[in-house]
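Those sequence lines, one after another, are chains L and H.
The numbers in my numbering rise by one with no breaks, and the one at position 88 of the first sequence is 110.
The numbers in my numbering rise by one with no breaks, and the one at position 137 of the second sequence is 285.
Be aware that a few hints might be false.
[Claimed, not checked] Derived Cβ-Cβ restraints for the label pairs, each shown as a range:
| no. | chain 1 | residue 1 | chain 2 | residue 2 | range |
| --- | --- | --- | --- | --- | --- |
| 1 | L | Ala65 | H | Tyr372 | 55 to 63 Å |
| 2 | H | Ala324 | L | Leu38 | 18 to 26 Å |
| 3 | H | Ala324 | L | Asn58 | 32 to 40 Å |
Quick caveat, the hints were computed from the structure, so don't treat them as lab data.
Backbone N, C-alpha and C define an ideal beta-carbon position, used for all residues, glycine too.
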Amino acid sequence: MLGFLSIDIGTILFTLANTLILFLGIRHFLFKPVNNVLEARQAEVDKSIKAAEEAKANAEAAEQEYREKLTAAKEEAQTMLRNATRKAQQREEEIIASAKAEAAGIMKQNQAELEREKRSAERALRSEVSGLALMVAEKVVEREIKPEDHARLIDEFINSVGDAE
Amino acid sequence: MAMMAIPECLQGPEQLSVTGPKVIFSFELFGTTVNFTETVILEWIVMAIILGGCAFLTHNLKVRGVSKRQAIAEMAVEAITNLVRDTMGKRWLWFTPYIASIFCFSIFGSLISLLGFRAVTSDFSVLLTWAAMTFALITWTKLKFGGVGGYLKGFADPIPVMLPINILSEISTPTAMALRHFGNIAGGSIIMGLIYFGLTSLSHMIGMQGAWLSIGIPAVLSLYFDLFSDFMQAFIFVMLTMVFISNAGPQEDADGA
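When you get a sec, could you build the whole thing from the sequences and use the hints?
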């Protein structure tokens, strides 16, 4: 039996050895496996976060792409609409121009015809009036009228008919 | 003859003796006598309990789907790692298993007294060994960071007259640690022995045939002298170890690297 406050070299040596063994044992049986698991979990979490960040970046890139495509499509549609409008306007102007030309042609033709008819009517009238005048003249001759009077009367008559036109 | 009806285990202690650990056998080594005491056997029992517990807690660990056992193991490891990081800094994280082993050894070595054994920590040689290990680590740290010159110069700091006081303080650090821990645990066990002895005497004095007063009353006191004191002393010992060793090195950078 040792004393209560004894310092025993044997106990010290054994305790030293035991403490070192316990240190190695705890490190091997507790800290190493648990830290390995904790590290593995941390790695897994890091991997998940990285994957999520990548997915987010991809989604953003895709969104950007779609946005650009949408803008391009809108612009194209706008251009097409403008072109179509311009073409339609051109076509309208052409149609109007040709219609005007046609109308003008028809007008001219009508006027020429009218002129011709007027002239032929004038001619017919003149010959009829001459006949009529001769008839009138014969009657006037019966009532002794000078040839000067005769000519003057005819001209006056014709002029008055021409004015009545 | 009525006394014979009570089993001997209920009689209570008849005498109180304060002794050191029993020597199981001795052998000669390099001309000195080396004792193999009951403390060493108790240390082995404690080590078996601790290492068995560790192996039980950490067998079949999983990264996902953590079992209760694994949660306890992870919590313990993280708690002690955080304690070391907060007290000593990141540089000393490799030191964590040593702190954990001293802490566990101290707690279970003290608590083994609850099973009726002599506490491992009521053997002064054990505490002296641990304090000497702390002292060795302090000295090693000073030599590592200051060199031999810096270490020797530290004794004449701030003025050479302080040399004897510095040497005293250097030696008193481990001595105080060992004596504090030993004194608390051994003192507690003596007080508990006295209480049992006193309650037995009191029981007999008031005419009881067994030590009936020893049931219940000591349990309350044991909460302090065994459980609380054991945890406190283990904690104080490892805290002092960490503080002294990390103070022996240079101060950490602000970023804790």
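Exercise for the section: Go through the numbered hints given earlier and state which of them the structure violates, listing their numbers in rising order. Expected result: 1
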